[in-house]
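Asks: Sequences are here, hints too, so could you generate the full structure?
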Amino acid sequence: MPFQTQNLSIRLGGKRILQDVTFNAPVGGITGIIGPNGSGKTTLLRALAGLLSPDTGHVLHDGQDLGRIPPRDRARRIAMMPQTAQAPAGLTVRELVARGRTPWLRPFLPMTAADQGAVDRALAACGLNDLAARAVDSLSGGQRQRAWIALVLAQESGTVLLDEPLNFLDLPHQSELVSLLRTVGATRSVMMILHDLTIAARVCDHVLALRDGRLVAFGTPADVLAPAPLKQTFGIDFSCTRPDGRPVILPAAL
Amino acid sequence: MRLLALFLITVALAWLSLSAGRTWLTPPEVTRALLDPEGAGRMVWHLRLPRLAVGIMAGACFGLSGLVFQTLLRNPLASPDVIGVTQSAAFGAVAALTMGAPVMFGAWAGGLAAILFLGWFATHPRRGLETRAVVLQGLALAIFAGAATETLILRMNDNSAGMALTWLSGTLNGVAGPEVGRALWLLPLALPLLLAGRALDRIELGDDLARALGVRVGLLRTGLGLCAAFLAAGAVSLCGPMGFVALAAGPVGRMMARGRPSPLAAMLAGAACVTLADTLARTFAPAALLPTGLYTALIGAPVLIMAVRRMARG
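Sequence lines, in order, name chains A and B. Residue numbering for the first sequence follows the working numbering, starting at 89 and increasing by one per position. Residue numbering for the second sequence follows the working numbering, starting at 148 and increasing by one per position.
No wet-lab data here; the hints were simulated from the structure. For every residue, glycine included, the Cβ atom is placed at its ideal position computed from N, Cα and C. There may be inaccurate statements among the hints.
Unchecked claim - A short, non-exhaustive set of chain A residues, derived as facing chain B with CB atoms under 8 Å: (1) G155; (2) R156; (3) I157; (4) P159; (5) R162; (6) A167; (7) M168; (8) P176; (9) G178; (10) R187; (11) T190; (12) P191.
Claimed, not checked - Restraint-style ranges between C-beta atoms, simulated for each label pair: (13) A:T271 / B:A159: 49 to 57 Å; (14) A:D153 / B:L366: 14 to 22 Å; (15) B:L341 / A:D161: 22 to 30 Å; (16) A:G178 / B:L341: 48 to 56 Å; (17) B:L341 / A:L342: 40 to 48 Å; (18) A:D325 / B:V455: 49 to 57 Å; (19) A:P114 / B:L338: 46 to 54 Å; (20) A:D225 / B:T245: 47 to 55 Å.
Replies: Next up, the structure:
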C-alpha cells in the first residue's frame with residue numbers, strides 16, 4: 089500500500105488541523121478526499137506529500153517513514169499538484185512540463201534523452217502535443233490544468249497527489265479531465281481532493297471523508313458516499329439515487 | 148546568444164571606461180597601458196582600473212542580489228534597495244564610520260539585521276513566509292533606515308556630512324587598491340547564488356510545488372537570502388547604496404535570458420549599468436564629481452521601464 093497513516097495529527101500555528109487520522113490507502117486506482125471547506129483536506133494532502141511533518145503519529149509510504157526519505161528521493165516516489173502553483177510569465181507548455189523532471193536531473197547538467205522521453209510521453213498522455221510550444225499563460229483554463237497534470241506525470245512517480253484538479257473547469261473540460269485522470273489511475277496510485285460527489289462516486293475506487301480534521305469514513309464509494317456518512321461529513325442531508333444505474337449525489341435540499 | 152551579447156556589451160563598456168576621463172586614451176594606448184603597469188600604464192593601473200574593477204564587482208553584487216530577492220519573494224519589486232536591506236546596510240556603514248569601526252562589518256551587520264527583521268515579522272504561523280508582507284514591511288524598513296542614517300549625518304561636522312551625503316547616493320570617488328581587495332572578499336558569497344539558477348527557477352513555481360519536486364525551499368531561501376543580503380551590504384560598503392541597479396538588473400537580466408531567472412545575466416546587467424554610469428560620471432561633468440549613483444538611476448529607470456514593458460507584452 090502506498091500510504092499508511094497512524095494517528096496522524098498536525099498543528100499549524102497552534103491550531104489543530106488534523107487529529108488522529110488513521111487509514112491504509114491501497115495501491116493503484118483513485119482515492120478521492122472529500123469534506124467541507126476547512127476540514128483539513130489540503131493539509132492531509134500536504135502531509136502525504138511530505139511537505140508537513142506530523143506532530144504526533146506518522147505517515148508511511150511503501151512502508152517507509154515519509155519524514156526519513158530525503159526530499160529528492162521522495163519526489164521520485166510522490167508527485168503533487170498543489171492549488172497554489174503558478175506558471176512564470178512566458179514559460180512554454182513544454183518548459184513547464186519539463187520542470188517535472190527536477191528530481192531526476194543531475195546537478196548542473198541539462199536533461200538527458202530519457203528525461204526528454206518522459207516529457208514527450210507526459211505531453212502525449214495529456215493531449216498537449218500541439219500546444220507544447222505555446223506560452224502557458226496564453227492557454228484556456230482546461231488546457232492549463234492539463235499542462236499542470238502533464239508536469240506531475242513527467243515526474244514519473246508511482247504516487248500522484250492532486251489538489252482539486254477539477255476546480256474552475258466547465259463541464260466539458262471536467263469530463264475530459266476525468267477521463268485523463270482515469271488513465272493515470274490505471275497505472276499509478278492517485279489521491280485527489282474533489283468537491284463534486286457524483287464525480288467522486290463514478291471515478292474513485294476509494295473515498296476518504298474528513299470533517300474538522302478527523303477521519304469520518306474511508307472505504308468504497310458505495311460505503312462512504314451514502315446518506316448517513318455524508319450527513320456525518322457535511323452536516324446536511326444528501327439524496328443518493330441511481331436513475332440510470334449510475335450514482336447521482338446531491339444535497340437533498342436542492 | 149543574448150547572454151554573450153550582454154557579456155560583450157559589458158566588456159566594451161569596461162574598455163570605454165578605461166579610455167575615458169580627463170585624458171582620453173585611444174584603444175592602442177589602453178592596450179599599451181594595460182601591458183605596462185609601472186610605466187605608461189601608471190594612471191590606468193592606479194586610478195581607472197581599481198575604480199572599474201570595484202564598479203563591476205559592486206554592480207554585479209547588486210544585480211545578483213536583486214535577482215535573488217526578486218525570485219525568492221516572487222515579486223519584481225522585492226529588490227534589496229526596495230525592501231530596506233541596502234538602506235539598513237548604509238545605516239550600519241555610516242554608524243561604523245562614526246564609531247571608527249570597519250565599514251564593511253557595519254554594513255554587513257545592518258544587512259543582516261534587515262533580513263532577520265523581515266524574516267521574523269513577515270512569517271505567518273500557518274502560511275509560512277508571506278512574500279507580500281516582506282515587500283510592504285521592507286518598504287517601511289527602508290524609510291526608517293533612511294531616516295536613521297540622515298539623523299547620524301546631521302550630527303556630523305559639515306565636511307564629513309558632505310562626504311557622507313555623496314556616498315549615500317553611491318559613488319566610486321576615492322576608490323583605490325584597498326577597495327579592490329575588499330571587493331574580492333565578496334566573490335565567495337556570490338558563488339552559491341551563481342550556482343542556484345535551477346533552484347530559483349523552481350521556487351518561482353510556488354513553494355509547495357518546488358518542495359514536491361524535491362527542492363529544499365526553506366533551506367535555500369534562508370541560505371540564498373543571507374548570501375544575497377551580505378552581497379548587497381558588501382557592495383554598499385564599497386560604493387554606497389547605488390540607486391536602481393539591484394531593482395533594474397533582475398528584469399533586464401531576465402529579458403536577456405528569455406524570462407528565466409539567470410544569475411549570470413543579472414550580474415552582467417548590474418556590472419554593465421554601474422560601468423556605464425561611472426564612465427558618464429567621470430566624463431559628463433568631471434569637475435563637479437557627481438556621484439555615480441545619480442547616473443545609475445538615470446540609466447536604470449528608463450531601462451527598467453522598457454524591460455517591464457517588453458515583458459508585459461510577452
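Asks: Indicate, hint by hint, whether the structure satisfies it.
Replies: Now the hints, each set against the structure:
1. G155: Violated, because the Cβ-Cβ distance from G155 of chain A to chain B comes to roughly 13 Å (cut-off 8 Å).
2. R156: Interface hint status for R156 of chain A: violated (15 Å vs cutoff 8 Å).
3. I157: violated (10 Å)
4. P159: holds (5 Å)
5. R162: R162 of chain A check passes; min Cβ-Cβ to chain B is 7 Å, inside 8 Å.
6. A167: holds (6 Å)
7. M168: holds (4 Å)
8. P176: Because about 5 Å separates P176 of chain A from the closest Cβ in chain B, which is inside the 8 Å limit, the hint holds.
9. G178: G178 of chain A check passes; min Cβ-Cβ to chain B is 4 Å, inside 8 Å.
10. R187: For R187 of chain A, the interface hint holds, since the closest Cβ of chain B sits about 6 Å away, which is under 8 Å.
11. T190: Holds - the Cβ of T190 of chain A comes within 8 Å of chain B, reaching about 4 Å at its closest.
12. P191: holds (4 Å)
13. A:T271 / B:A159: 49 to 57 Å: holds (55 Å)
14. A:D153 / B:L366: 14 to 22 Å: Holds, at about 20 Å.
15. B:L341 / A:D161: 22 to 30 Å: 27 Å Cβ-Cβ, so the 22 to 30 Å window holds.
16. A:G178 / B:L341: 48 to 56 Å: Given about 23 Å between the Cβ atoms, the range is violated.
17. B:L341 / A:L342: 40 to 48 Å: 59 Å Cβ-Cβ, so the 40 to 48 Å window is violated.
18. A:D325 / B:V455: 49 to 57 Å: holds (54 Å)
19. A:P114 / B:L338: 46 to 54 Å: At roughly 48 Å between Cβ atoms, L338 of chain B and P114 of chain A fall inside 46 to 54 Å, so the hint holds.
20. A:D225 / B:T245: 47 to 55 Å: At 50 Å between Cβs, range holds.
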